[in-house]
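Asks: For the record, the sequence lines run as chains A and B.
One point on numbering: in the numbering used here, the residue at position 77 of the first sequence is 79, and numbering is uninterrupted.
One point on numbering: in the numbering used here, the residue at position 42 of the second sequence is 117, and numbering is uninterrupted.
Misleading hints may appear alongside valid ones.
Unchecked claim - Label-pair ranges, simulated between beta-carbon atoms:
{"hint": "1", "chain 1": "A", "residue 1": "Glu-188", "chain 2": "B", "residue 2": "Leu-244", "range": "43 to 51 Å"}
{"hint": "2", "chain 1": "A", "residue 1": "Val-120", "chain 2": "B", "residue 2": "Ala-177", "range": "45 to 53 Å"}
{"hint": "3", "chain 1": "B", "residue 1": "Ala-109", "chain 2": "A", "residue 2": "Ile-139", "range": "39 to 47 Å"}
{"hint": "4", "chain 1": "B", "residue 1": "Leu-244", "chain 2": "A", "residue 2": "Trp-150", "range": "37 to 45 Å"}
{"hint": "5", "chain 1": "B", "residue 1": "Ile-190", "chain 2": "A", "residue 2": "Trp-17", "range": "34 to 42 Å"}
{"hint": "6", "chain 1": "B", "residue 1": "Leu-155", "chain 2": "A", "residue 2": "Ala-86", "range": "24 to 32 Å"}
{"hint": "7", "chain 1": "A", "residue 1": "Trp-21", "chain 2": "B", "residue 2": "Trp-222", "range": "44 to 52 Å"}
{"hint": "8", "chain 1": "A", "residue 1": "Ser-52", "chain 2": "B", "residue 2": "Trp-222", "range": "49 to 57 Å"}
Said to hold, decoys possible - Derived DSS-like pairs: lysine-lysine, alpha-carbon spacing no greater than 25 Å straight-line:
{"hint": "9", "chain 1": "A", "residue 1": "Lys-140", "chain 2": "B", "residue 2": "Lys-239"}
{"hint": "10", "chain 1": "B", "residue 1": "Lys-239", "chain 2": "B", "residue 2": "Lys-223"}
{"hint": "11", "chain 1": "B", "residue 1": "Lys-239", "chain 2": "A", "residue 2": "Lys-25"}
{"hint": "12", "chain 1": "B", "residue 1": "Lys-223", "chain 2": "A", "residue 2": "Lys-121"}
{"hint": "13", "chain 1": "A", "residue 1": "Lys-25", "chain 2": "A", "residue 2": "Lys-49"}
If you are wondering where the hints come from, they were derived from the structure by calculation, not from laboratory data.
Remember, it's a predicted structure, so these values are computed and weren't measured experimentally.
For each residue, glycine too, the CB sits at the ideal point set by N, CA and C.
Next come the chains, spelled out residue by residue.
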Amino acid sequence: MMDGEKGCAPRVSLWELFWVMFKIGAFTVGGGYAMLLVIQRELTSRKWISEEDFPDLIALSQAAPGLLAVNISIFAGYKVRGNAGAVVATLGSCMPPFLIILIIAAVFGGYADNPYVVKAFKGMRPAVVALIAVPMIKMARAGCKAWWQWAVAAVALALVAFLEVSPVYILVVVIVIGVMFAVLREGRGKQ
Amino acid sequence: MIFWELFWHFFIIGLFTIGGGYAMLPLIRHEVVAEHRWITDQMFTDMVAISQMTPGPIGINTATYIGYSVVHGMGYGQFLSVLGSFTATFAVVLPSFLIVLAICRVYTRFNHSTIFTGTMSWLRPCVAGLIGAAAVILITPENFIDWKSWVIFVASFLVTMFTKFNPILTLLVCAGIGLLVY
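Using the sequences and the hints, build the whole thing.
Replies: Written as structure tokens, this is what we have:
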């Protein structure tokens, strides 16, 4: 699948690759998952990625660290035009949010004390917390099947929220434990 | 030096973001608010709101915004602030870029190895807990000023949880409510 430039489509120009990724970056509003369908349509209609390969691409993009939409664009860029394609695709998908936020950051500083802005943000802040709480619950429901998984979630939450432990340490420890258990179980399965 | 620190912290944030944009929030919050006090929890909440409402993956938006604000907040000019934005955004994408390219070279087809799925069975609950922690931490007196805040919280939670209502519209409606009641 990931065989660099030996794709099925004719050689794609780097400019076209950049432009398609730019569009994906510009229209991915509110997180990567919402836009998976749009990304799929953009990539498969151009035959850059086949319909059958798309689920693999998603799985790989989720397994790699980072942001889903960006990872997909790196994979697709590499598939279409090798290393240069990966660079161009990453630039393309990151540029729209980068530019838009720069403008907002530069302008918002001047309006932060405006009474209307202050009121609007007073209304939005509790909603932001709700918007973070919902994916947490959805992820917990999807990822916690056994009691010990709920325990992992609860301990991670408590350590970070109440003891200010760095999430990085917790992730490292959980990865080490997870790999150890998986290796042990596989070893036992082979005996 | 501030640019090196931005680079290093956002590199770590990018490296440990497992499970998409929301998984990045507890990491950013810890590195930027708890560790360095570059910004306050309230500013962090505002940045998440702005990132949600603008196009682009939320992690890129927050990195760009924080990179700018941190350098700007230290009294540097526009150009260096933009450089701060660039540093944070570049650093947050770099780990993905390197790892995805490595995977491209190694794998020919995605391998659902038992070790990978076994490790993920530990990681998924952990990430859910970390995101939950970010939500709990942001329930501060500054973000929840009175009972009206709690009404907004419960209402937007229920709407997001049980309907397909667009989160951007949710935020805009709440901004409108803020203008009316405060």
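Asks: Determine for every hint whether it applies to the structure shown.
Replies: Consistency of the hints with the structure:
Range check, A:Glu-188 to B:Leu-244: Cβ separation about 47 Å, and the 43 to 51 Å hint holds. For A:Val-120 and B:Ala-177, the Cβ-Cβ distance of about 47 Å falls inside the hinted range of 45 to 53 Å, so the restraint holds. For the pair B:Ala-109 and A:Ile-139, the beta carbons lie near 23 Å from each other, so the given range of 39 to 47 Å is not met. Take B:Leu-244 and A:Trp-150: their Cβ atoms lie about 38 Å apart, and the range 37 to 45 Å holds.
At roughly 41 Å, the beta carbons of B:Ile-190 and A:Trp-17 sit within the given window of 34 to 42 Å. A hinted range of 24 to 32 Å for the beta carbons of B:Leu-155 and A:Ala-86 is consistent with their spacing of about 30 Å. Restraint check, A:Trp-21 to B:Trp-222: a C-beta distance of roughly 49 Å satisfies the suggested window 44 to 52 Å. At roughly 54 Å, the beta-carbon separation of A:Ser-52 and B:Trp-222 lies within the given 49 to 57 Å, and the hint holds.
Proximity of A:Lys-140 to B:Lys-239 is assessed by CA-CA distance (about 14 Å); at most 25 Å being required, the pair is judged to hold. A C-alpha spacing of about 24 Å is found between B:Lys-239 and B:Lys-223, which places the hinted pair at or below 25 Å, so the restraint holds. This hinted pair checks out: B:Lys-239 and A:Lys-25 have alpha carbons roughly 23 Å apart, not beyond 25 Å. Pair hint B:Lys-223 plus A:Lys-121 holds up; C-alpha atoms about 12 Å apart against a cutoff of 25 Å.
Between A:Lys-25 and A:Lys-49 the alpha-carbon distance is near 17 Å, which keeps this suggested pair within the 25 Å criterion.
Going through the hint list in order, the structure does not satisfy hint 3, though it satisfies all others.
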